[in-house]
Amino acid sequence: RKEVEQDPGPFNVPEGATVAFNCTYSNSASQSFFWYRQDCRKEPKLLMSVYSSGNEDGRFTAQLNRASQYISLLIRDSKLSDSATYLCVVNLGGSYIPTFGRGTSLIVHP
Amino acid sequence: GAVVSQHPSRVICKSGTSVKIECRSLDFQATTMFWYRQFPKQSLMLMATSNEGSKATYEQGVEKDKFLINHASLTLSTLTVTSAHPEDSSFYICSARAGQSSGREQYFGPGTRLTVT
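So the protein lines, in turn, are chains E and B. Our numbering puts the first residue of the first sequence at 1, with every later residue one more than the last. Our numbering puts the first residue of the second sequence at 1001, with every later residue one more than the last.
Okay, chain B solo, but in the shape it has when bound (with noise of 0.2 Å):
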């Protein structure tokens, strides 16, 4: 399968601070790329689908102005949570899909665990 990788892996900060999550697609153009959040032992919850050159399009309850999400290029998207709290502490996933076909499959990253302190 496709290719998409995710940095960093691993971060904690502190209160307050920002954090820039890079999602990548390695081997092929990710026209949508999708932004989850996994708490423990839940399930994956959608914050928001990215379109290369547009705004982000996010769920109900997710905050635009505290995940800041761009897809500038067709391979990379980025996610910044800013000015986190512990409460955004978790596990970020983000995924690519090529092309706006609802019939393709996406591609995972391995995730980032964010802990806030």
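Just chain E, with the same shape it has in the complex (with noise of 0.2 Å):
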């Protein structure tokens, strides 16, 4: 099993809609999460940290499961802007190194 796993991609969907990523971690001891965003031949750009609290940043929201060991990021009202590959970043409990799922791919379309 890997460390990181996400979603199967890629997710299509028309403007306006909602949609929901999820990435599951198996080591318990995971300190911190990320989700960052990459469009095609470009680095990674930090979206948000996920906290235990749960976070949002205007249309995305991003939530953590630590008994489920999961965590989510919801955006609403897509925009074609959102298309890219998300990628979820868990620094895993006893080492400072972050691992990264393979990333799920988003399209929006008109």
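Hints were generated in silico from the structure; no laboratory data involved. There is no bait here: all hints are sound.
DSBU-like, lysine-lysine: derived pairs with alpha carbons at most 35 Å apart:
no.	chain 1	residue 1	chain 2	residue 2
1	B	LYS1055	B	LYS1041
2	B	LYS1064	E	LYS45
3	B	LYS1041	B	LYS1014
4	E	LYS42	B	LYS1064
5	B	LYS1055	E	LYS2
6	B	LYS1066	B	LYS1020
7	B	LYS1041	B	LYS1064
8	B	LYS1064	E	LYS2
9	E	LYS2	E	LYS45
10	E	LYS79	E	LYS42
11	E	LYS42	B	LYS1041
12	B	LYS1066	B	LYS1041
13	B	LYS1020	E	LYS2
14	B	LYS1055	E	LYS42
15	E	LYS42	B	LYS1014
16	B	LYS1041	E	LYS2
17	B	LYS1064	B	LYS1014
18	E	LYS42	B	LYS1020
19	E	LYS45	E	LYS79
20	E	LYS79	E	LYS2
21	B	LYS1020	B	LYS1055
22	B	LYS1041	E	LYS79
23	B	LYS1055	E	LYS45
24	E	LYS2	E	LYS42
25	B	LYS1066	B	LYS1055
26	E	LYS2	B	LYS1066
27	B	LYS1055	B	LYS1014
28	E	LYS45	B	LYS1014
29	B	LYS1066	E	LYS42
Beta-carbon label-pair distances, calculated as ranges:
no.	chain 1	residue 1	chain 2	residue 2	range
30	B	HIS1007	E	ASN27	27 to 37 Å
31	E	GLN31	B	LYS1064	23 to 33 Å
32	B	HIS1007	E	LYS45	10 to 20 Å
33	E	LEU74	B	PRO1110	22 to 32 Å
34	E	SER26	B	GLY1061	15 to 25 Å
35	B	LYS1066	E	LEU74	39 to 49 Å
36	E	ARG66	B	LYS1066	35 to 45 Å
37	E	ILE97	B	GLN1042	15 to 25 Å
Sample of chain E residues at the chain B side, in silico, Cβ under 8 Å:
no.	residue
38	GLU43
39	PRO44
40	LYS45
On a predicted model such as this, the values are computed, not experimentally measured, just so you know. The beta carbon of each residue, even a glycine, is placed where N, CA and C say it ideally should be.
Since each chain sits alone in its own frame, please combine them into the complex, following the hints.
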């Protein structure tokens, strides 16, 4: 089992749709969690950190469920510009090494 | 967010030559820097972790004598691909993190696209 697993993609949604991604992690001692987005042939950019209490930034909401060992990202009112690959990153407990999921591709169409 | 630069953005070199890639944190001190490689349509693969002033820690399967990493200051890390071969052609990305705490996010450089002919 991979340490960090993400929903298989691609997700193909119309503009205005709400879409949710999940990411599961295997190490229960994991300490910190992030969502990044990566556009084609570009570097990943931090989208948001994920806090235990959950956090929201505009149309984006991230949640953490430690009991079930997953994090989620909800995007409301999808825009064409949201099309990208969304990467789940977990800093595993016991080390400070970030581990990436393989990413979920989102395609928002008109 | 914090800014990380990477240079060069693109390089083409001949097989057998060495290539140096620089990664700089411009507005913060990066105690830890990471080097990744990404092949087309694949996920980021961590190559090594480097902490300022100490030797880099390489991931399994990454040859430390081929991929030389130096992190001499809190704002600069370099990756040298020695005796490059066509199979080393890839997108190399660095990232930097302020502090060793695992709670800190990392910021990525824009990447270097290496083509070995």
